[in-house]
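Enquirer: Using the supplied hints, reconstruct the complex from the two chains, each of which is provided in its own coordinate frame.
Line by line, the protein sequences are chains P and A.
Sequential numbering from 1 applies to the first sequence in our numbering.
Sequential numbering from 1001 applies to the second sequence in our numbering.
Warning: the hint list may mix true and false statements.
[Unchecked claim] When the alpha-carbon atoms are kept at most 20 Å apart in a straight line, the in silico SDA-like pairs for lysine to any residue are as follows:
1) P/K290 / P/D255
2) P/K288 / A/K1039
3) P/K288 / A/K1109
4) P/K230 / A/G1066
5) P/K288 / A/E1226
If you're looking for bench data, these hints aren't it; they were derived computationally from the structure.
Remember, it's a predicted structure, so these values are computed and weren't measured experimentally.
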Amino acid sequence: MANRKINKRDIVKLLNQWGQEFAVFVPSRESGVATMARWEGKDTGFLDWYRNTIVPKANFLPAMEEMFHFQKNKEGYNIELPPDGGKQLIFGIRPCDARALTIIDANFKDLYKDPYYLNKRSSAVLIGLGCTNPGESCFCTSLGISPAESKDVDLMLTDIGNEFLVEPISATGKELIAKTSGLKEATKNDEARAKEGKKTAYDKVTRKIDTDGIGDRLLTCFDDQDFWEKVAAKCVSCGICTLLCPTCYCFDINDELIRQQGTRFRSLDSCAFPAYTKMPMENPRAEKWKRVRQKVCHKYGFFPMNLNAIACTGCGRCIRLCPVNWDITQVLNSVPAKVKGV
Amino acid sequence: MEQKLRNEARALLEQGKVDWFIGFEAGSLKFTTTPLITKDKNDTNRLVINPFIVNNLANFLTEIKGRVGIVAKGCESRSIVSLIQDNKVVRENMVILGIPCPGVIDLSKVERLADKDRDELDDIVREKDRVTIKVKGKTKGFPATEVLFDHCLACELPTPQEYDILLGEPSSPIASPVAQEGIKKLKQMTPEQRWGFWEKELSRCIRCYACRNVCPACFCQRCFVEETEPQWVLPAPRWQDNLLFQITRNIHVAGRCTDCGECERACPVNIPLRSLTREMYDIVGELFQFKAGMDKDALPLMTHYEEKEAEDLFR
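Next up, chain A with everything else stripped away, as it sits in the complex (with noise of 0.2 Å):
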């Protein structure tokens, strides 16, 4: 699969179908990789699909001028349908080579997993459902659903719904009740423990901005925590404020946001945001039967009026 993609990526930048080609290389840490954007068709032999292809790469589309090749797993291609449907990007200026997705290796499992830092880890392999750790010459199995990332545990589409060429066999969701677990928890907490829940995990946000920056639905020109006139929020790490923040952000992206979960990943200081936005697509899903980036002819959930989904006010 790496070697047909490093041809078909090749072959788009020599043939001037695109202008520029977006996928993964190896990063420089074990067990990385990193986002690799280029215009020179030498370095698509750099390419690689792995179990550690982390980022929602559709967070580049909109910062790039012109025609672009673009590796989606199932989650990329969400976010790229979102933002064809908000006109944010033009779905005849992508060439998309679609991945399927058997989800993605989450390195804080795997360190809990082993009770060691990835640095003292020798090898992570996975083979179909079981991931393999190796560890100073012993080897420990487990189950790959131990050391996935909760997203892609909850991943409804793993294999690209827009694309242009598909490498390889399309992967069926995992559907795992693992990815909603946190979820649980918090709801049957009472709220005044939920406050308090929320109280120590936003103290600890440092406002890097990491959760909004690599997040595909997070395109606005001018962030509201960056206004002045009026000042929203006090740009500074107050855990209130914090909490106004990810609040408001997260209502921005509802009905775009796609349960990628890169700003949990993203998160320095592991705060649980996905609890946050897997729990408003739920909502999205339940009041207005809507899934983020299915289907690119949809209109934009939060942009459009439809008279029967109305409240009495409006009608």
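In isolation and in its complexed conformation, chain P is listed as follows (with noise of 0.2 Å):
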């Protein structure tokens, strides 16, 4: 299927006609913080933004969610489940945010499955939109992926000034084109200068990391107190970094009970935090240097062993909203090749 694309004002029209079938997701301000929001009609102003603070994961994955409501009763408990979200489509998703959702469907999708994820995932269209202007703190082309090019999205949307190349990637994609109106056909200068700004997106990151052998650097430097000591030495053990990245998916549960009923909820958890691993004999963590290097290592030493991909997508959220500039690229950078005494 040859590629379309679509006038950047004709946007608008666009997400009403897929609102007809979808509950469609942008990137959106309105409550505060970036995120991705309910599509309401109007403001596209955020086709000039970077990305979003709160990751899209939290569309599959949500900071909290209801898992059943139950009910005593004569025979035992009644239990209800949280109605189905329908459909949803998101707009505007970047080529790390979208990366991050199929490194998460290797242990909700593949490792086992998990319903209440994947009832939303296996339904929802990802419509991606490519950087133009990747920030300071981004490291996407360290892990293999382009700002501007992704194979985890349905359709991929490239900047080509007053228009968007519109890129068909699965099979979801193309039917989706199929059955939208107001697409135009890409002319060859139309595709040259998609290939060009894709080109130029890619060299404006700069921040980068050695991924080669990185999983075993890790393990030869695991049991280095003192390497990771000095590491973790300014980090706060707050959740930011893990709860805002967009492929950590650990979670906690929760009951609320009231009387002879209540809700069962699942949320968000964190590594950071010393409660995750607080047992009540002991806490094999509690140490903030075990946490620290617990979240290095699962991320680019465990996950990529056993599901095999690094956890990690480069979008550079953990840089730049840690309140004390913990840097993961500084240090990966400074893992070191020996561990000492061996």
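Expert: This is the structure:
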């Protein structure tokens, strides 16, 4: 299928059209923080932005969600499931955040089936929007991601001036294009401009890490307490870098019980918190350096070992949003090649 | 001043007067600094003082064992004094290098004024009362009061009171009314409007606890939010529970909060937390004529009792 294009002025019409079938989400600052929010039919100012603070994973794995409501009756418990949210269309997802969903899929879809995640994820359509101006904290290119290209979306949009080039990526994307009106055939000139734009964006990512053998290098220095203590010294053990990470998926489950009925919630949890590993008798990660080590090693060591992908997309949120400028790229670049005394 | 700081810090470590030194070094992004916590005298060459030294370094004192040399702006010195009052740190174990602070630049304010993301700015230069922003060859100047943090505009002690060595000339409070505008607006609202305001703001909270973890006054070994028996608040970010968390935290730090503004600065979802903490700070001042972190010999406000201040019930 040939690529299409759409004038930026027609994005409103396009989104309204898709709104007939899907619950459309677009980047929005309306709530006071940049996040994916329901399309309200007007403001396309988000097209000029960089990226959301709140990761689009929240559309599939929300910070908090109701699992079920329960009520005691004579026989036992009556269980009530929350209503289905319907088909989501996420417009404007960045390649890094889209890749993150593919990474989470490896756990929630392939390794085991998480019904709450899959229910939302399997019916969703992702419309990617390439970055034209990657940020200073971005390092996606070190993780095999191009800021303006993606295979993890259904349709990919590339800025070519007054228009977007629209590329179908998946079968779902092709189907969507076929039933969408208002798209024009892209010319060779459009294609050339898109290609150039992608390259320019790629070259703008200057922050780099060396991922070559990173898992092995991390395991080699796993017991180097001095190294990890130094790395962890300024960390304040807040949950920003994990809760706002596009690939972190750890969660906690809590019941709220009021008399004979209640609700079971699940909410994101963070390995940065001491309580994350707290058990009745002991806490294997009571010390800060062990928690910081876990975070780095899980993303770059254990996850790749188990699921064949680094659990990081270089989106840079953890660097930019960190209250003490703890920078994972500096940490990874300082991992010693060999542990002392070995 | 920077060179003098580096020399002093190096000497402290070299002469074994301290085991650790805590200061600021250049951050990994433009217009940032990052805490430098080190035992190595050679690291002291990296110490900086600039308009972006945002953190309250006193926060690290309670987790470090041994004698510590520390860089202290006015806000840090107040937090240190407050920690001394609470017996969390020992004055004799610290060497405080005081930095008179003319205020720290709030990048969010710069972004709003320049209508650009911080990544797109080429330079931000502070000269006395002016701040100049450079974007793509163009420069734009602003009064410093337009780009400093609200808590800096309201700062009562820019020059530390408690120090061993003072680096540089004392600076005086800016005392700009801009700092209280947010709180003023909230006070003009009806209770219903205010409730609606906090519902919207606190609905964004993700319970990362950055506000608590960057706060030198939040030094509890075990925070009430992590209690499970009883579970005071749901450990999930429902807005009512977020509100309960913030209100309780605020009451817990009453008489300890020095209005350093770190909670609001650290918040990744832009919740105006200082509207709560500063209001509490003012209420404490009004009810008890007490300002946290001003006098290390004063007894901590909430853990001692004076007959004259008690209600009849306790007399």
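Enquirer: All hints are to be evaluated individually against the structure, with a verdict given for each.
Expert: Hints and how they fare:
| no. | hint | verdict |
| --- | --- | --- |
| 1 | P/K290 / P/D255 | violated (29 Å) |
| 2 | P/K288 / A/K1039 | holds (18 Å) |
| 3 | P/K288 / A/K1109 | violated (33 Å) |
| 4 | P/K230 / A/G1066 | holds (16 Å) |
| 5 | P/K288 / A/E1226 | holds (17 Å) |
Violation of the numbered hints given earlier is confined to hints 1 and 3; the remaining hints are satisfied by the structure.
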